[in-house]
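Enquirer: Here is how the chains run, residue by residue.
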Amino acid sequence: MNLTLEHVTGGYGSRTVVDDVSFTLHPGEVVCLLGANGCGKTTLFKLILCLLRPRFGYVRLGEENVADWSRSRLARSFGYVPQVHVPPFAFEVRDIVLMARAAHLAPFASPGREDRRIADEALDYLGILHLASAPYTEISGGERQLVLIARALTQQAQWLILDEPAANLDLGNQIKVFRAIGELARTGLGVLMTTHVPDHAFLHATRVVLMSEGRILAMDTPANALTEPMLFKAYGVPVSVVEVNAQPGIKPGIKMVVLNQL
Amino acid sequence: MSALRGAGIKTALQPAAGDTFMAIAHNPEKTLESRKPHGQQSGKTLAVLALLLVVVALGSAAIGSYPISLHDWWSLLRAPSAGGTVEIVLLQIRLPRLIACILVGSGLALAGSSYQGLFNNPMVSPDILGASAGAGLGAAVGILLGLDFVAIQALSFAGGLVAVLLAWALASGLCRRGDPVLMLVLVGILIGSMFTALISLTKYIADPMNKLPSITFWLLGSFASITSRDVGMASVPIAAGCIPLLLLRWRLNVLCMGEQEARMLGMNTRAMRFTVIVCATLITAASVSICGMVGWIGLVVPHLARMVVGPNHKYLLPAAAIMGGCFLLLVDDVARTAGTLEIPVGILTALIGAPFFLFLLMRERRQKS
Chain F
1 MNLTLEHVTG GYGSRTVVDD VSFTLHPGEV VCLLGANGCG KTTLFKLILC
51 LLRPRFGYVR LGEENVADWS RSRLARSFGY VPQVHVPPFA FEVRDIVLMA
101 RAAHLAPFAS PGREDRRIAD EALDYLGILH LASAPYTEIS GGERQLVLIA
151 RALTQQAQWL ILDEPAANLD LGNQIKVFRA IGELARTGLG VLMTTHVPDH
201 AFLHATRVVL MSEGRILAMD TPANALTEPM LFKAYGVPVS VVEVNAQPGI
251 KPGIKMVVLN QL
Chain E
1001 MSALRGAGIK TALQPAAGDT FMAIAHNPEK TLESRKPHGQ QSGKTLAVLA
1051 LLLVVVALGS AAIGSYPISL HDWWSLLRAP SAGGTVEIVL LQIRLPRLIA
1101 CILVGSGLAL AGSSYQGLFN NPMVSPDILG ASAGAGLGAA VGILLGLDFV
1151 AIQALSFAGG LVAVLLAWAL ASGLCRRGDP VLMLVLVGIL IGSMFTALIS
1201 LTKYIADPMN KLPSITFWLL GSFASITSRD VGMASVPIAA GCIPLLLLRW
1251 RLNVLCMGEQ EARMLGMNTR AMRFTVIVCA TLITAASVSI CGMVGWIGLV
1301 VPHLARMVVG PNHKYLLPAA AIMGGCFLLL VDDVARTAGT LEIPVGILTA
1351 LIGAPFFLFL LMRERRQKS
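Quick mapping for you: the protein sequence lines, in order, are chains F and E.
Using the numbering used here, the first residue of the first sequence is number 1, and each one after it goes up by one.
Using the numbering used here, the first residue of the second sequence is number 1001, and each one after it goes up by one.
For the record, the hints were derived by calculation from the structure and aren't laboratory data.
Keep in mind that the hints are not guaranteed to be accurate.
Covered, in the sense of this in silico footprint (three residues per stretch, anywhere, with C-beta under 8 Å from a C-beta of chain E), are these stretches of chain F [what the hints assert, rightly or not]:
hint, region
1, 85–95
2, 107–115
Part of the chain E face toward chain F, derived, beta carbon under 10 Å [as the list claims (entries may be wrong)]:
hint, residue
3, Val1054
4, Asn1121
5, Ser1125
6, Ala1262
7, Lys1314
Just a sample of chain F residues kept apart from chain E, beta carbon distances all over 12 Å, derived [said to hold, decoys possible]:
hint, residue
8, Leu49
9, Met99
10, Glu143
11, Asp199
12, Glu213
13, Leu217
14, Asn224
15, Pro238
16, Gly249
17, Val257
18, Val258
Where is the CB? At the ideal position from N, CA and C, for every residue including glycine.
Given the sequences, and given the hints that come with them, work out the whole structure.
Expert: The structure is reproduced here in C-alpha cells:
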C-alpha cells in the first residue's frame, strides 16, 4: 500500500512549520528526508505519525485517511524508530523489544510465547539475539539503535519510519544499521528516514526528499536531487559533489559531498 | 488483515536471514528454552516473597504488648467461640491492624511503582499529585469541625480525590502542547504545597487544648486505633485501585519509554495515564483516611522490589505489593513494641525509609563506578 501525503500543512500554534507537502512513497523504497535544522523534518514525521493534526491536507495509507485511526492501528502500520535515549529503568533488551507487541495485545494481556518468538526472530535477524537478556542501559549506542529497529520489526508494520538512525553511531555501526535497513526494504518494507549526512542518501536511498523552510525543495533520485546548487539552497554552504571509485564504462562511482575550501 | 501482515513480515524476514533464522523459525522451542529460566525465576521469587509475607504476618500476630503464642492462635482458630482476652485482643485489635498494615503497605507500594513507571522517574512517590496533602487537609478540617470518626475518614478520602482531580484538570487546561507529564508533576507539586499550607492554617486556628493535638497526631500516621470497620471501609477503594493496576501492569513498561514513544507503540497514553492516576489516588486517599500520612513506603519499596525482580512491571508490581505489606508489618511491629508508648508509624517509616533510601543510592553509585 502506498503512503500518500496530499498538501499536508501543519505546525504549532499559529506558526506553520510544514507547508503544503505532497508526495507518494511505495513499499520497497528507501527514502531519505534531508534538510537543514528546523526545516520541518521532525514536524513532518509527527504529521505522518498522527502525533500532530495537519491543518490542511491528508496522510493516506492506500485509500484510507490515517487521521481517524486508533493508536494501535497506526502502530500496526508504522514502525517508528526514535533517536536513541536511555530510559531510567534497566529493562532487559528483550523486554524493550516486546513492548512492540502492545499494539497487537488486548489491554490486560502481556506478551506470550508467540510474541516472544517474533521478538527473538527480529533480534536474530539484526544479529543481536545474544544481547536479549542484557540490560538495555548497559549496551552500546549502536546496539541500542539496532534494538530499536528490532522493536519496530516486532511491531510487524509495513512502514519503517526512522529518525536519524545513524546519529551517534560509529562508522562500523552506521554501515551495519544501513545494511539492515536496505535488506528490509528489499523484502518489501517501505522506509522513510531522516539524516543530516547527504552521503548516507547517496549510498543507501532510492529517493530523496530535500526540504527547506517547510517546503519540498527537490524530490528525486539522490543523484538528481542532491546537486550542488540544491545543496547550497538547502544548507546555505557551498559544497561540491564528487564521484569516487568510478571505473569508467564499467560501473559508476559513489557520490560524496565535500566542503569547498574557504 | 493483521494475520496477513504477520505473514508478510515472516516472509520478509526469511530470504536474507540465513540458516540460524530458519532454524529458530521452525523450532520455536529453541529460543524459548533459552529464556524460560528468567520468567520461572521471577515466578519463584514471587512465591518466596509471598511465603515471607505469611511468616512476617504470623510473627506480627504473635508479638505485641499482649503476646499471643502461635499455639493460642491455633486453638483459637480451631474453636473460635472460646472467648476470653485472647480472642478479644486477637480478633478485635490485632487482626484488623495486621490486615490494615498489609492493605496500606501493599497498596502504597503498588501505587508508588505504578507512578514511577507512569512518570518515568524513580524519584516519584504516590503523593506526587497532592493525594496525601488533600487527604490530610480533609481529615484536619473534619477534626476541626468536630465531626465523628467516620465522617472524618470520608472527608479525608474526598480531600485526596479533590486534590488530584484539581491537579489533573489544571494540567489538562494548561497543557495544550508540550510535555503533559511534566506539566502534571509541576501542577501536582503546586497543589500539594497549597494543601499543605491549608493544613497548617487549620492547625493554626484549631483549639490548642484538644483539637490541635489530635490533628497533629492524626497527621503523623498510626495504626493504633484501627477497627475492623475501618479495614472494611478502606479495603473497597484500595482493592478497586489495585486490581486495574495489576491487570494493566505490563503496559506500564511501555509508558517508561516516554509519552511520544509509547503512543508510537500503539498506546492510548491519555487513557492509560488517567486510569493509573485514578487507581493510585483511590489507594493513597483511602490509606491516608484510615491511618494518616505514612510516607516513604511508596518511594522506597518499589526500589527494593526492583533490586529483587528487575524493572519489568509484570513482576515488579506483585513483588512491590508483597514487599510493601511485609515492610509496613515490620515497621508497625517496631511501633507497637519498641517503647512503652506507641511510636506513630509515620515517624518510623521516615526514620527507617530515608537512611535506607540513601543506602540504595550509594549502592547504585558503587555499582555504576
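Enquirer: All hints are to be evaluated individually against the structure, with a verdict given for each.
Expert: Status of the hints after comparison with the structure:
Judged by the Cβ-Cβ criterion of 8 Å, the region 85–95 of chain F is covered by chain E as claimed, because 9 of its residues qualify and three suffice. With a threshold of 8 Å between beta carbons, the proposed coverage of the region 107–115 of chain F by chain E holds, since 6 of its residues qualify and at least three are required. Evaluation of the E:Val1054 hint against chain F yields a violated restraint, the C-beta minimum of about 26 Å exceeding 10 Å. Proximity of E:Asn1121 to chain F holds as hinted, the smallest CB-CB distance being about 6 Å (cut-off 10 Å).
Of the supplied interface hints, the one on E:Ser1125 is violated, with its beta-carbon coming no nearer than about 15 Å to a beta-carbon of chain F, more than 10 Å. At its closest, the beta carbon of E:Ala1262 sits 8 Å from a beta carbon of chain F; the interface hint therefore holds under the 10 Å criterion. Of the supplied interface hints, the one on E:Lys1314 holds, with its beta-carbon coming within about 5 Å of a beta-carbon of chain F, less than 10 Å. A beta-carbon of chain E comes within 12 Å of the beta-carbon of F:Leu49; the shortest separation is about 6 Å.
Non-interface status of F:Met99 relative to chain E is broken: a Cβ of that chain comes within 12 Å, the nearest being about 5 Å off. Taking the minimum C-beta to C-beta distance to chain E, about 17 Å, the non-interface status of F:Glu143 holds against the 12 Å cut. For F:Asp199, the shortest C-beta to C-beta distance to chain E comes to about 24 Å, beyond the 12 Å cut-off, and the non-interface label holds. F:Glu213, annotated as away from the interface, keeps every beta carbon of chain E farther than 12 Å; the closest lies near 21 Å.
Residue placement check: F:Leu217 keeps its beta carbon more than 12 Å from all beta carbons of chain E (closest about 27 Å). Distance check for F:Asn224 against chain E: the nearest CB is about 29 Å away, which clears 12 Å, and the non-interface claim stands. With a cut of 12 Å on Cβ distances, F:Pro238 stays outside the contact zone with chain E, its closest approach being about 37 Å. Non-interface call for F:Gly249 relative to chain E: holds, since the shortest CB-CB distance, roughly 31 Å, exceeds 12 Å.
In this structure F:Val257 is separated from chain E by more than 12 Å, as the shortest Cβ-Cβ distance comes to about 30 Å. Against the 12 Å criterion, F:Val258 stays outside the reach of chain E, whose nearest CB is about 33 Å from its own CB.
Hint violations for this structure: numbers 3, 5, 8 and 9, all remaining hints satisfied.
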